[in-house]
Amino acid sequence: MSRRRVLAVTLRLLQQFRRDRRTLALLFGAPLLILSLLGYLLRGGGSVPTMGIVNQDSGQLGQLVTTQLQQSKSVSTKLLSAGDADSGIKDGSLAGYVLFPSDFTSGAAQTHAVSPEVQLEGSQPQVSQSVLQALSQSFAALASQAPGGSAIRIQPQVTFRYGGPSLDTLDYFGAAFIGLVVFFLVFVITAVAFLRERGQGTLERLMASPLRRAEIVVGYMLGFTVLAVVQAIEVLAFSLLVLHVHNAGNIALIFLLEVLMAIAAVNLGIFLSMFARTEFQAVQFIPLVILPQVLLAGIIFPISTEPGALQVLSHVLPLTYAVNGMRDIMIKGADLGWSALQLDFAVILGFGILMILAAAATLRRRIA
Amino acid sequence: MAEMAIDVAKVTKRFGGLTALDSVTLRVPRGEVYGLLGPNGSGKTTLIRALVGLVAPDAGTVNVLGRRMPDLGVLGHVGYMTQQAALYPDLSVEENVRFFAAINGGESRVREVLDFVDLWPRRASVVSTLSGGMRTRCSLACALVHGPELLLLDEPTVGVDPQLRIQLWDRFQRMADEGTSILVSSHVMDEAERCRRLGLIRFGRLLAEGSVEELKEMAHVNRLEDAFIKLSEEKAS
Numbered sequence: 001m002s003r004r005r006v007l008a009v010t011l012r013l014l015q016q017f018r019r020d021r022r023t024l025a026l027l028f029g030a031p032l033l034i035l036s037l038l039g040y041l042l043r044g045g046g047s048v049p050t051m052g053i054v055n056q057d058s059g060q061l062g063q064l065v066t067t068q069l070q071q072s073k074s075v076s077t078k079l080l081s082a083g084d085a086d087s088g089i090k091d092g093s094l095a096g097y098v099l100f101p102s103d104f105t106s107g108a109a110q111t112h113a114v115s116p117e118v119q120l121e122g123s124q125p126q127v128s129q130s131v132l133q134a135l136s137q138s139f140a141a142l143a144s145q146a147p148g149g150s151a152i153r154i155q156p157q158v159t160f161r162y163g164g165p166s167l168d169t170l171d172y173f174g175a176a177f178i179g180l181v182v183f184f185l186v187f188v189i190t191a192v193a194f195l196r197e198r199g200q201g202t203l204e205r206l207m208a209s210p211l212r213r214a215e216i217v218v219g220y221m222l223g224f225t226v227l228a229v230v231q232a233i234e235v236l237a238f239s240l241l242v243l244h245v246h247n248a249g250n251i252a253l254i255f256l257l258e259v260l261m262a263i264a265a266v267n268l269g270i271f272l273s274m275f276a277r278t279e280f281q282a283v284q285f286i287p288l289v290i291l292p293q294v295l296l297a298g299i300i301f302p303i304s305t306e307p308g309a310l311q312v313l314s315h316v317l318p319l320t321y322a323v324n325g326m327r328d329i330m331i332k333g334a335d336l337g338w339s340a341l342q343l344d345f346a347v348i349l350g351f352g353i354l355m356i357l358a359a360a361a362t363l364r365r366r367i368a
Numbered sequence: 001m002a003e004m005a006i007d008v009a010k011v012t013k014r015f016g017g018l019t020a021l022d023s024v025t026l027r028v029p030r031g032e033v034y035g036l037l038g039p040n041g042s043g044k045t046t047l048i049r050a051l052v053g054l055v056a057p058d059a060g061t062v063n064v065l066g067r068r069m070p071d072l073g074v075l076g077h078v079g080y081m082t083q084q085a086a087l088y089p090d091l092s093v094e095e096n097v098r099f100f101a102a103i104n105g106g107e108s109r110v111r112e113v114l115d116f117v118d119l120w121p122r123r124a125s126v127v128s129t130l131s132g133g134m135r136t137r138c139s140l141a142c143a144l145v146h147g148p149e150l151l152l153l154d155e156p157t158v159g160v161d162p163q164l165r166i167q168l169w170d171r172f173q174r175m176a177d178e179g180t181s182i183l184v185s186s187h188v189m190d191e192a193e194r195c196r197r198l199g200l201i202r203f204g205r206l207l208a209e210g211s212v213e214e215l216k217e218m219a220h221v222n223r224l225e226d227a228f229i230k231l232s233e234e235k236a237s
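For the record, the sequence lines run as chains A and B. Residue numbers for the first sequence follow this note's numbering, beginning at 1 and rising by one. Residue numbers for the second sequence follow this note's numbering, beginning at 1 and rising by one.
No lab work stands behind these hints, which were simulated from the structure alone. No residue lacks a Cβ here, since even glycine has one placed at the ideal position from N, Cα and C. Among the clues, some could well be false.
[Stated by the list, open to error] Among the chain A residues that face chain B by a calculated CB cut under 10 Å, a handful are: (1) G201; (2) A208; (3) S209; (4) P210.
[Unchecked claim] Where chain A lies over chain B, by a calculated footprint (3+ residues, C-beta under 8 Å): (5) 51-65; (6) 76-82; (7) 108-121; (8) 182-188.
The following block holds chain A by itself, in its conformation from the complex (with noise of 0.2 Å):
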């Protein structure tokens, strides 16, 4: 082996890439931008879920109760009647909630065992883990502080609205997932693909064809779509019939939502191919775009606790409302009634739209 020889293909190696300011700026500052953003995602003073206390007791345990609640560190609270408490678990705004009854402090004093009823939303296991850890952390206080000064047995009766115990790891993840990989896919191949249309000098020729800009985006959306249709099916069946991934809701909603991904992340790959000149240039934008979104579309933590900032970063991205709706679907059983759907529908489908009306509007001048 050649010392010379060696070294003359490592020097290249470095001269290339100090040409290359674009991928020496992603090979340092990638790794900072994620590691950031994991920091203030886990260290950054995030929040907790909330729960709903629904207080009907007309003695003193009820309000001793609350009292604990509403110093515990794993969740915050909010006093609400039962109908509000259960909308609120709805509308995904609450994790869960606690009744007490009228009765609860005249059952404690005669029985010295209680059993509120605990619902959960139970959609996300870390967020009803968060409620569950601060119940039992309140009435282990409270059980040799009751009135009449004897210990009182507290077992709550917990149900859970969506989900619950009959769900593992996998049915909560799987719903994101398969929105994910639909998405993070579909973008990657698009962008590629672009550029070496670009490359091989084929999009001159179609520029200079009465091909218009929009037929070519829309030609290319159309045929994607079909790959990503495909993969889409693939991923279902496969979610659903070998892994039987939990599924309570409408398996065309799935798959439409999964649609409307491939559209939008066609249309993301062309206008952000615009920006790379090279293959090598296009997967570099993976750390970028989809890493952070990975980590902020509530896929491995859920929203409801990140740092304010980053909750608002979250409701900017679109994989945060195709996993949202893929829940919603799958775990939760929503329909198209549901205006949490409705909402992820509309924005995906916005999303779309937009990076439609963005790729046609950067073709022609990156050609030129």
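Keeping the supplied structure of chain A fixed, place chain B upon it in accordance with the hints.
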């Protein structure tokens, strides 16, 4: 019908500090083979790209087949062969030609045009497996399939062996005889001699125009190459 296939008037195009075209005026009547002769980087490709509307001039006007560019409608009557054989490498020869036929409107001429470039027997071959010369012929077929009235050829014979170069020029000549207007850019002097009229371009300026004989006479030399060098020096000074 406009008399001029190409009518470029005082076109200037700058890219940052570089003037790629400097007040170029050029007219090509219908049915003429016009050669744009100049070294690499002289502005030939920029001028051709301005003709198909891919470059917007900073000043001046470009008319093609009587229509002010950019005009999508007229592009259906123009054939454009880029310097690089711009083809889809994963498609077959016929699939490539059919695609450009579908875009430009010439589906019925696929067989005819593949015969014209001698690629009909290789129509099923995937482009990535073809030699450079075959790719050039396939690229030409894609530019011709819709029977264009004006053919723009950007250095079509670069990297092509002498035998194929002669064949290609015979085909260009046949098309011109049938009434197609052709603008071909080149930096090869011997093939420039096949053009009815030549324009010498350098530093983005059209230095001189005329038939081969007229250019030699203008420079008082016997060879086109010498005429090009002498006229370049005279105009530059």
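Outcome of the hint check:
1. The beta carbon of G201/A is positioned within 10 Å of a beta carbon in chain B (closest approach about 3 Å), and the interface hint is therefore held.
2. Residue-level restraint check for A208/A holds (minimum Cβ-Cβ distance to chain B is 4 Å; threshold 10 Å).
3. Hint status for S209/A relative to chain B: holds, with the closest Cβ pair at about 5 Å, below 10 Å.
4. Nearest Cβ of chain B to the Cβ of P210/A: about 4 Å, under the 10 Å cut. The hint holds.
5. For a cut-off of 8 Å, the count of residues in the segment 51-65 of chain B with a CB near a CB of chain A stands at 5, and the three-residue condition holds.
6. Counting residues of the segment 76-82 of chain B whose C-beta lies closer than 8 Å to any C-beta of chain A gives 4; at least three are required, and the coverage claim holds.
7. For the segment 108-121 of chain B, the stated coverage by chain A is violated: 0 residues have a C-beta nearer than 8 Å to a C-beta of that chain, whereas at least 3 were required.
8. Coverage of a stretch by a chain is defined here by at least three residues with a beta carbon nearer than 8 Å to that chain's beta carbons; for the segment 182-188 of chain B and chain A the count is 0, and the condition is violated.
Figure legend: structure checked against the earlier numbered hints; hints not met, in rising order: 7 and 8.
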